[in-house]
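Listed here are the chains, written in short residue letters.
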Amino acid sequence: MTAQPAVSPPGVRRIKDPRSDRILNVVLIVLLALFTLTIVYPFVYIVSASLSDPTAVSSGEMWLWPVGFSMDAYQAVLDYPAITRGFLNSLLYSGSAMLVGTAVTVMGGYALSRADLVGRNLFTLMFVLTMMFSGGMIPTYLVVKNLGMLNTIWAMIIPTAVSVWQLIVTRTFFQTTIPHELLECSRIDGASDMRFFWRIVLPLSKPIIAVNLLLYGVATWNAYFNGLIYLTDEDLYPLQLVMRNILLENTFDPSKMANADPERIAQMQQIADKLKYALIIIASVPPLIAYPFVQKHFVKGMMIGSLKG
Amino acid sequence: MTDRAPLDHPTPPTEPASRSGLGRRAFLGRSAAVGATSVAVPLVLSACGGGEDTETTGGEDYTPGSAELTVELAPEIEGVLYPEDYVGPRARELEPFGDGETEFTILSQVDPDMDLATNYYSTLVAEKTGVNATYVTVPAGEDGKTKVNAIVAGGDLPHALMVGQGIFNLNEISIYGQQGMFLPLDKLIDENCPHILDMFAAFPGMRQQYSSPDGRLYAVPSMNDCYHCKSANVRTWINKNWLEGVGASAPETLDDYSVLMDEFRAYTGKPDGSVLTTASAETMLQLMQFFLGSFLEMPSLWLRRSGQTLEWIHEDPAFREGMVWIQEQFAKGNFDAGILSNTPEQYQKLGDGAQGPMFGMAYGYSSFHFAATLDYADPDNVANIMVPIAPMAGPGGVRTAQWDHFSYGYPNFVITPDCPDPVQMIRWADYQFELGLTISVGRGEQGVGWDYATEGEKGIDGRQAIYKVLPTPEDLKNQAWREWGPLYKSMDQRHGEAVLPEASTVEPTLYAAGKAYEPFATKEESGVPPVVFDLDQSAQIGEIETNLEAHLKQTIANFATGKKDASKDADWNEYLETAKAIGITTYTEIHQTAYDQQYS
Chain X
1 MTAQPAVSPP
11 GVRRIKDPRS
21 DRILNVVLIV
31 LLALFTLTIV
41 YPFVYIVSAS
51 LSDPTAVSSG
61 EMWLWPVGFS
71 MDAYQAVLDY
81 PAITRGFLNS
91 LLYSGSAMLV
101 GTAVTVMGGY
111 ALSRADLVGR
121 NLFTLMFVLT
131 MMFSGGMIPT
141 YLVVKNLGML
151 NTIWAMIIPT
161 AVSVWQLIVT
171 RTFFQTTIPH
181 ELLECSRIDG
191 ASDMRFFWRI
201 VLPLSKPIIA
211 VNLLLYGVAT
221 WNAYFNGLIY
231 LTDEDLYPLQ
241 LVMRNILLEN
251 TFDPSKMANA
261 DPERIAQMQQ
271 IADKLKYALI
281 IIASVPPLIA
291 YPFVQKHFVK
301 GMMIGSLKG
Chain H
310 MTDRAPLDHP
320 TPPTEPASRS
330 GLGRRAFLGR
340 SAAVGATSVA
350 VPLVLSACGG
360 GEDTETTGGE
370 DYTPGSAELT
380 VELAPEIEGV
390 LYPEDYVGPR
400 ARELEPFGDG
410 ETEFTILSQV
420 DPDMDLATNY
430 YSTLVAEKTG
440 VNATYVTVPA
450 GEDGKTKVNA
460 IVAGGDLPHA
470 LMVGQGIFNL
480 NEISIYGQQG
490 MFLPLDKLID
500 ENCPHILDMF
510 AAFPGMRQQY
520 SSPDGRLYAV
530 PSMNDCYHCK
540 SANVRTWINK
550 NWLEGVGASA
560 PETLDDYSVL
570 MDEFRAYTGK
580 PDGSVLTTAS
590 AETMLQLMQF
600 FLGSFLEMPS
610 LWLRRSGQTL
620 EWIHEDPAFR
630 EGMVWIQEQF
640 AKGNFDAGIL
650 SNTPEQYQKL
660 GDGAQGPMFG
670 MAYGYSSFHF
680 AATLDYADPD
690 NVANIMVPIA
700 PMAGPGGVRT
710 AQWDHFSYGY
720 PNFVITPDCP
730 DPVQMIRWAD
740 YQFELGLTIS
750 VGRGEQGVGW
760 DYATEGEKGI
770 DGRQAIYKVL
780 PTPEDLKNQA
790 WREWGPLYKS
800 MDQRHGEAVL
810 PEASTVEPTL
820 YAAGKAYEPF
830 ATKEESGVPP
840 VVFDLDQSAQ
850 IGEIETNLEA
860 HLKQTIANFA
870 TGKKDASKDA
880 DWNEYLETAK
890 AIGITTYTEI
900 HQTAYDQQYS
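Top to bottom, those sequences are chains X and H.
Just so it is clear: in the first sequence, position 48 is 48 by the working numbering, and no numbers are missing.
Just so it is clear: in the second sequence, position 394 is 703 by the working numbering, and no numbers are missing.
Don't read these hints as lab results, they were simulated from the structure.
Each hint should be verified, as a subset may be incorrect.
Claimed, not checked - Straight line, CA to CA, 16 Å or less: simulated EDC-like cross-link-like pairs of lysine to aspartate or glutamate:
1) X:Lys-276 - X:Asp-72
2) H:Lys-824 - H:Asp-713
3) H:Lys-889 - H:Asp-465
4) H:Lys-877 - H:Asp-564
5) X:Lys-274 - H:Glu-620
6) H:Lys-786 - X:Asp-79
7) H:Lys-872 - H:Glu-854
8) H:Lys-862 - H:Glu-591
9) H:Lys-877 - H:Glu-630
10) H:Lys-641 - H:Asp-564
11) H:Lys-873 - H:Glu-637
12) H:Lys-777 - H:Glu-754
13) X:Lys-145 - H:Glu-572
14) H:Lys-862 - H:Asp-845
15) H:Lys-658 - H:Asp-564
16) X:Lys-274 - H:Glu-654
17) X:Lys-276 - H:Glu-654
18) H:Lys-658 - X:Glu-61
19) X:Lys-276 - X:Asp-53
20) H:Lys-889 - H:Asp-845
21) H:Lys-658 - X:Asp-53
22) H:Lys-777 - H:Glu-766
23) X:Lys-276 - H:Glu-451
24) X:Lys-274 - H:Asp-684
25) H:Lys-873 - H:Glu-886
26) H:Lys-549 - H:Glu-572
27) H:Lys-641 - H:Asp-571
Note that the coordinates shown come from a computational prediction; the quantities given were computed from them, not determined experimentally.
Generate the whole structure from the sequences, applying the supplied hints.
This is the structure:
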């Protein structure tokens, strides 16, 4: 679509595309441009807002480019040790969850993909059941507590280590991309199951590994709820929880409060206004850095896994 | 960005409580039901939690007030000034009593910039009481509530919890208390807490008001008897600059209001894109109630009391008259259509307009509702341009505003059966009902954040001040506990704060607002005092109220946009009928039953 004559300068003679094609091109370009704009604009807005004077932002004066350029917001973010700490914690949690989750999912997915696994359907059913029924918050909390994971990094990694959805996508990926013949060949050559998995399957599965890494990484990066209920030590809070505390505390309903101090609310609101956009930027940077590296695998891995399932 | 991943979002439990460990398990079901008020989970109430130390709590037969006090009031500090007829906490010499060895854990809410381990007030309290306490912290508000429910369900109960302002209300405290999750405090207080008893003596209704239906007190109430809060629910503000611009004074009647709105409409000095009267969708019912107060007395949005009978206000013809008037204001454009849809941010955007606030009249509990960039020290800031406007007289001469006669504060401090020494714990709370600590809890160190006032300094109410708030250096953080701790802020104490000219504080403005509203206060006899519900009732009440609110907002939107007409009987009756279908009758009956139980 990029080099279509719909946008070629007048006077250059070419073989004409059919009229309907040209119209279609114009329509598509306009639609896609609008679509892109809806994605790019909020981002530009937030970047600009984080670099503007908060007054200009809250009065609506700033709508595209920064007004009253200042780095104060970023300076203020640095003044909050909780934010830096949360950022590092989140990196650690996401990094670990990404590795643990992917390892377990790829191994589990492969096992489930093998037709000769005894009780394959039963295992699959057990996994799928958890997509429909969950133990609920308090029972899950009790399990985590009794495993001694409260207030440890493990509470952030183990309870959500495997996503069933991703496990099924991974299983389907193996079923469709690793032909049974390959296993037979390897067996004839004397490879054990371990060796086959390690030397043949894994090298063929880069797309699905990349996709799993990314999805687990992003999910953990964005998660706050487990942190909220499992962590009591503020030094362990992930960035999202710190952000949530700062940004959501000022939302407040006058009919449901008992004599709250208006000055405290105003104060919390001002902190939130000052930090809001800079925080959003900071929290978005790691996923933004990660996406380009995984993108080329993304389409392949995700599509193969899901569509042909 | 804050999307929850599917795995990360467990659903509340729906299983019924099992028989073993009833107290704790039942709590699980309860916490879920309270979290999602729309689900009523039928559960058996256990009569008593068992394992309760009857020596300290007096057991079931204890009559509140019957035990002898074994601790004396601490001696007063000389030289602190009090206004005449002062009722409230006094500055006292506190002698540490704690053994310093027993380790207590106390749960508190915190704001993100606080760290209770190193907080100044934490160290001050430790020094004054000698009690060795560590803190378990949860975020403020809904998140904190979720977490407290998880902590309590997990069984690792801290020894005491400060659950006021947003974690547990009196309903919840009563339910958990009756289950044995919290200790009854009557005997502990009667024997060990001269300062708390001093407060109960000064406010005779207080103890009863914060006791549970079984007659026991499970939580030490924090007093925050806030004068301006009494009218805050309907407080509305007017743009002083526009008033000056059109040369008018604040309207006294709804007729004046109509004239004023026409003048505002024609006024050329207002910023582009301005609207006349507005609120956010979230606060629209408060604004409506402000205006409805000019048609009939509305002590709350739904119910009023005549004698011992509670009744639904909306069937009163005067209420309908008010709604017809509101409908006309939307049609004329006096009420901005944005009222129906503004998010809180959009609403604040109007207030923060670069050329001054972009509305003539606006609702706000305090200024933070309608503006985010507040500076009380700057006369040209929105904080000083918007001034409170008193209720206006309606066509029938009615001129009222909702006045909360009943809230002194909120139940706050509970002790759990896991506490190794409830006496030390309750005395720890008791000490904080002393003046110096009650100021420090909000302002930090004496001499830095605040100090006692000198002769001649005037408090907010113009009488002799007791203390003054010093402008704190900006780098001084983590000094106070805000309002999470035990508090004894009586009205006199609150008004004893000296107003320094350089201080940026909203309090004097709000005090003036309170004064403007008080003459038109709804009568105490027509208000419904706070009542306590059991679990099923509170779930039901929560659900009905949510639905009624949605229905009323929808109806106002229909009237405002001309889809329905409040002056047509068919449309109006449809509103009333739907409200009945939602359950306004049940809502009234539940309130009536609870009221009869507690007040007659």
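The hints, checked one at a time:
Taking the CA atoms of X:Lys-276 and X:Asp-72, the gap is near 12 Å; set against the 16 Å cutoff, the hint holds. Proximity of H:Lys-824 to H:Asp-713 is assessed by CA-CA distance (about 14 Å); at most 16 Å being required, the pair is judged to hold. Among the hinted pairs, H:Lys-889 with H:Asp-465 is inconsistent with the structure: their alpha-carbon atoms are about 44 Å apart, more than 16 Å. At roughly 23 Å between alpha-carbon atoms, H:Lys-877 and H:Asp-564 are farther apart than 16 Å, so this suggested pair is violated.
Between X:Lys-274 and H:Glu-620 the alpha-carbon distance is near 46 Å, which puts this suggested pair outside the 16 Å criterion. Simply put, H:Lys-786 and X:Asp-79 have alpha-carbon atoms about 11 Å apart, close enough for the 16 Å limit, and the pair holds. Of the pairs offered as hints, the one joining H:Lys-872 and H:Glu-854 is violated, with about 24 Å between alpha carbons and a cut-off of 16 Å exceeded. Taking the CA atoms of H:Lys-862 and H:Glu-591, the gap is near 10 Å; set against the 16 Å cutoff, the hint holds.
This hinted pair checks out: H:Lys-877 and H:Glu-630 have alpha carbons roughly 12 Å apart, not beyond 16 Å. Proposed proximity of H:Lys-641 and H:Asp-564 is supported: the alpha carbons are some 14 Å apart, at most 16 Å. Using a Cα cut-off of 16 Å, the hinted pair H:Lys-873 and H:Glu-637 holds, with the two alpha carbons roughly 12 Å apart. Between H:Lys-777 and H:Glu-754 the alpha-carbon distance is near 12 Å, which keeps this suggested pair within the 16 Å criterion.
Only pairs whose Cα atoms come within 16 Å are accepted, and X:Lys-145 paired with H:Glu-572 is rejected, the gap being roughly 65 Å. For the proposed pair H:Lys-862 and H:Asp-845, the alpha carbon gap of about 26 Å is over 16 Å, so the pair is violated. The straight-line distance between the Cα atoms of H:Lys-658 and H:Asp-564 is roughly 29 Å, outside the 16 Å bound, and the hint therefore fails. Between X:Lys-274 and H:Glu-654, the direct Cα distance comes to roughly 14 Å. Compliance with the 16 Å bound is thereby established for this hinted pair.
As the CA atoms of X:Lys-276 and H:Glu-654 are separated by approximately 13 Å, the hinted pair is consistent with the 16 Å bound. For the proposed pair H:Lys-658 and X:Glu-61, the alpha carbon gap of about 10 Å is at most 16 Å, so the pair holds. As the CA atoms of X:Lys-276 and X:Asp-53 are separated by approximately 12 Å, the hinted pair is consistent with the 16 Å bound. A C-alpha spacing of about 20 Å is found between H:Lys-889 and H:Asp-845, which places the hinted pair above 16 Å, so the restraint is violated.
Taking the CA atoms of H:Lys-658 and X:Asp-53, the gap is about 14 Å. The hint holds against a cut of 16 Å. Restraint check: the Cα-Cα separation between H:Lys-777 and H:Glu-766 comes to about 9 Å, which is no more than 16 Å; the hinted pair holds. With a CA separation close to 20 Å, the supplied pair X:Lys-276 and H:Glu-451 exceeds the 16 Å bound. Taking the CA atoms of X:Lys-274 and H:Asp-684, the gap is about 15 Å. The hint holds against a cut of 16 Å.
The hinted pair formed by H:Lys-873 and H:Glu-886 meets the criterion: a straight-line CA distance of about 15 Å does not exceed 16 Å. At most 16 Å may separate the alpha-carbon atoms for a hinted pair to count; H:Lys-549 and H:Glu-572 meet this at roughly 14 Å. With a C-alpha separation of about 10 Å, the suggested pair H:Lys-641 and H:Asp-571 falls inside the 16 Å cut-off, and the hint holds.
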